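As they're listed, the protein sequences go chains A and B.
At position 309 of the first sequence (counting the first as 1) the number is 309 in the working numbering, and the numbers step up by one without a gap.
At position 418 of the second sequence (counting the first as 1) the number is 971 in the working numbering, and the numbers step up by one without a gap.
Don't read these hints as lab results, they were simulated from the structure.
Mixed in with the good hints, there may be bad ones.
[Claimed, not checked] Subject to a maximum C-alpha distance of 35 Å in a straight line, what follows is the list of computed DSBU-like cross-link-like pairs (lysine-lysine):
#1 A/K22 - B/K754
#2 A/K159 - A/K235
#3 A/K190 - B/K575
These numbers were taken from a predicted model, which means no experiment stands behind them.
Protein chains: 2
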Amino acid sequence: MPVEKKKVLVIGGGFGGVFAAKKLASGKDRFDVELINNNNYFVFQPLLPEVAAATIHSSDAVAPLRLLLRGIQIRQAEVMGVDFDKKTVTVVQGFRRVPVDLPYDELIIALGMSVDLKRFPGLPEHALTMKSLSDAHRLRTHVISCLEMADVAKEPDLKRELLTFVVVGAGFTGVETVAEVNDLIHRALKYYPNIKHEEIKVYLIEYANRILPTFPADLAEYATKRLRMQGIEVKTGIGTKSATSTAVELANGSVIPTRTIVATIGNGPHRLVESLNLGMQWGRIKTDRFMRVLGHDGIWAVGDAALIPLVEQPAEDPMHYAPQTAQFAVREGRQLADNLIAKVKGEELKPFAYTSKGSLASLGMSKAVAEVYGIKVSGFLAWLLWRGFYLSFLPGFATKVRVLVNWILNVFVPPNIALVQSAMPGTRYIHYRKGDKVLEPGMLIDGFYTVVKGELKLTIDNLETEEHFERTFGPGEHFGERVLLKSSLRTGLVVAREDSIVLWISQRDFMRFARAFPFLDTYFKDYIDRTFGPDMIFAPGSAERSHEIEPTH
Amino acid sequence: MPVEKKKVLVIGGGFGGVFAAKKLASGKDRFDVELINNNNYFVFQPLLPEVAAATIHSSDAVAPLRLLLRGIQIRQAEVMGVDFDKKTVTVVQGFRRVPVDLPYDELIIALGMSVDLKRFPGLPEHALTMKSLSDAHRLRTHVISCLEMADVAKEPDLKRELLTFVVVGAGFTGVETVAEVNDLIHRALKYYPNIKHEEIKVYLIEYANRILPTFPADLAEYATKRLRMQGIEVKTGIGTKSATSTAVELANGSVIPTRTIVATIGNGPHRLVESLNLGMQWGRIKTDRFMRVLGHDGIWAVGDAALIPLVEQPAEDPMHYAPQTAQFAVREGRQLADNLIAKVKGEELKPFAYTSKGSLASLGMSKAVAEVYGIKVSGFLAWLLWRGFYLSFLPGFATKVRVLVNWILNVFVPPNIALVQSAMPGTRYIHYRKGDKVLEPGMLIDGFYTVVKGELKLTIDNLETEEHFERTFGPGEHFGERVLLKSSLRTGLVVAREDSIVLWISQRDFMRFARAFPFLDTYFKDYIDRTFGPDMIFAPGSAERSHEIEPTH
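Next up, chain A with everything else stripped away, as it sits in the complex (with noise of 0.2 Å):
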């Protein structure tokens, strides 16, 4: 007689949902097993720099996971809640947004950790992440904007901000981050003639006192050595407190100006998961020993959600429970498939138990630290170890002959710099510090701002006419609805006259917008007529254009 078989979700598609996934499978007979993930492909975390370094290309750190896991039910899907007690997890999916509920025996939940900078005004809006594979493309793309821009950049201070490059915590992925990115610079530069490496401005800043917490001490005293050598100015025991667009300030009260801010700080809980109502621990899921979650039956949790005990009686000790390390998840990941096969066969539980074999961390410019078995390696070897490493890691054939490939002609050639952009948002919050220029006289202006928090001021002087204008425009109140009559006016000078929070809206939505919408239309046109005059010149050399292509009525 066939034994029912169990319906096993998992949700999340990192290392520890992926290889407990894997291991299941080989209990095929026993479980039906489906994994649920916003992405089709699981994401090779720690070749996200080297994405960001244009060495390799950014398929190649990830790999599909109909790919990896042959024969299990994939769904990508973005997960709404969970029901413990109709043991449903409810999913939306595709261009029908229809809830769907989806019945579980077992439920894994392997979201990991978001960023959360929330503690740090300005960061959310203004810094670039590491964590998923559009943030190193972005981040690619970022730094190649600027040096174009900086190539044909006739203001110093212009030039000086978009040389500037601050990476923020230096943990394994801001050291790697930092060294790639610096290596991408110093290559890439041939194509600009205009630019000097000695305008290159790389920053890396620590909280700490020193870079590489989990590596041995010398071997970061050797890494910071290293990252010196290559002009990355490191800086450690120094928290950072806020940032701009245009600016990053630490918690010494410094003020770096700098258009590129990557952080790679600030662990959070996963939205999910905060919503479920578990016993939490510093942003975690607390489970047993078995990674069974506390409290509940048939729920798992594993990877950097789930804290995990190591010990009997752990104490209010990170070092107590296993650490959030891809080489922790993928244990973790097998034990809890083990576990999970063990409670239905009736057999006993195994305790989650690992010591770590060792890290790597690469440097750039083919020089690595490593300690392996407890073996401390540094330069060009540890760099080919940590290369090979990863190399025997990667899922696929072809993906491993394809980063092969890439490396050996990343030896001759330099970066690709082609620079793929993606869509603008349509909308974003913009910080700006006391004393800021938020717009200045000759500028296009291209979007619509609205006052969050804060005071801006405008004024505008037209040198032909002497006629001259000001306003103060404060939380509610808004600028750049002219662009709704004459598309890209030039502008007058808008200042922050503290420190300040805008919505921007970008001129073709807002301009979508107003026109379908009647009741906005009318109010834009009384609110213009009544603030600068139905007559008013606005500025010296109004420029107008239509670039709008509107749909075909």
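Knowing the structure of chain A, use the given hints to seat chain B on it.
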């Protein structure tokens, strides 16, 4: 005594502009050449279908302009206008949108042509195009998304729409695209256990009576047969009429339900070219046989943007002018550079003259058709020729190696289905045909809808309370504003009562706007009270959630 250098501006970085600039660079002592393009790379157009099919990486179908054109100033910027009297080009670049005027002595217009689908209602909004690298990438992403959704789709109608793919236009690009996409889909199916090969429908729709008009008739016939053998439905002699998000309508009245329409038809002048008030015909700039723009000294045009006569007294016959192919653009660019050099030296200019050396088109599945120096080849040999030719043409040793490696790997490994999606736009126009369902009960509403044209009807039936609510919406009226109060409510039924167009604004962007802008917030709260009443229960099973992460104020 050094000669004063002439400033030559090239606007546009396609085949014509790049090859003109490259040849001019050899006369470096006489010219100061600057090329302006909106991307910092050159697109190798003939490989775009391979990018769409995931056969090669997107970055291998492009080459950085700075790599191709060493020693020439490259400026990544948007050209806003040209002042022929002042001899300046106005550009806007970078974060600071201050327009910059660049003076020139000689100007080369090499802007190509744009896609213009205005004649086909709904096509501009709902068709994918194949002009740029992003287009190719978007098509690949879209096709794989459809497979992902079809694999878990429950409704047969939806599954059929998702698995139907329509390519409009059977020129060179259309034929290669339909063949490559068809290959991609069938090769990817091994990963999608719930989709059978016979469920896939791929159409190629052509207005003319045969495909590949530039090829000899027997080769076109061979190509048609090959495409049909691969399961593609080739329909010739049928025009395309209109499109919505769920169907394409043909001129004979038949409607093909589909979520994927690729338009390779519809050439129109570049926006900037159109605004220059030059003599135009068929959307192209009239030049003399030396590629000088008629009636303007120091202005040249090249490539697809230019209408270059091949004979002394051209009639109203496109055959009397240089065709719009890469092959011709390359020769035009070189000849233009020679003529410019001759002009400066006071030598005689040469009229443009060139005869095509042949054509190549890939048909997928290692088959192609080719005509080279009058010799016709088809099948595998033609395909090898095709690959060899493009490989030889690809710029840069590294790119050649990478593309070759990928082509070889492709024989052995299935296509990469990792779905790296780009951000969704904040607003878009959606076309509906009379009777189309816009929203269905149970869907989560994800945005704010304003009617631009037509009429829609909302019906909400609450089965529990037996409440019934209905309303019609005309131009300027809107629905979905309830997302303001309760995010992601389930909806009632909304049906188009006539052919309609709606402006959709994403929930995120709409809510940011409404929150920041008190006037709008008030309006909508009043509106909802007035329209639905304060106590109305909106359909069974209303779900709430709040996914939005707002900035740290």
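We went through each hint and held it up to the structure:
Of the pairs offered as hints, the one joining A/K22 and B/K754 holds, with about 33 Å between alpha carbons and a cut-off of 35 Å not exceeded. For the suggested pair A/K159 and A/K235, the alpha carbons sit about 23 Å apart, so the restraint of at most 35 Å is met. Between A/K190 and B/K575 the alpha-carbon distance is near 18 Å, which keeps this suggested pair within the 35 Å criterion.
In summary, the structure agrees with every hint in the numbered list given earlier.
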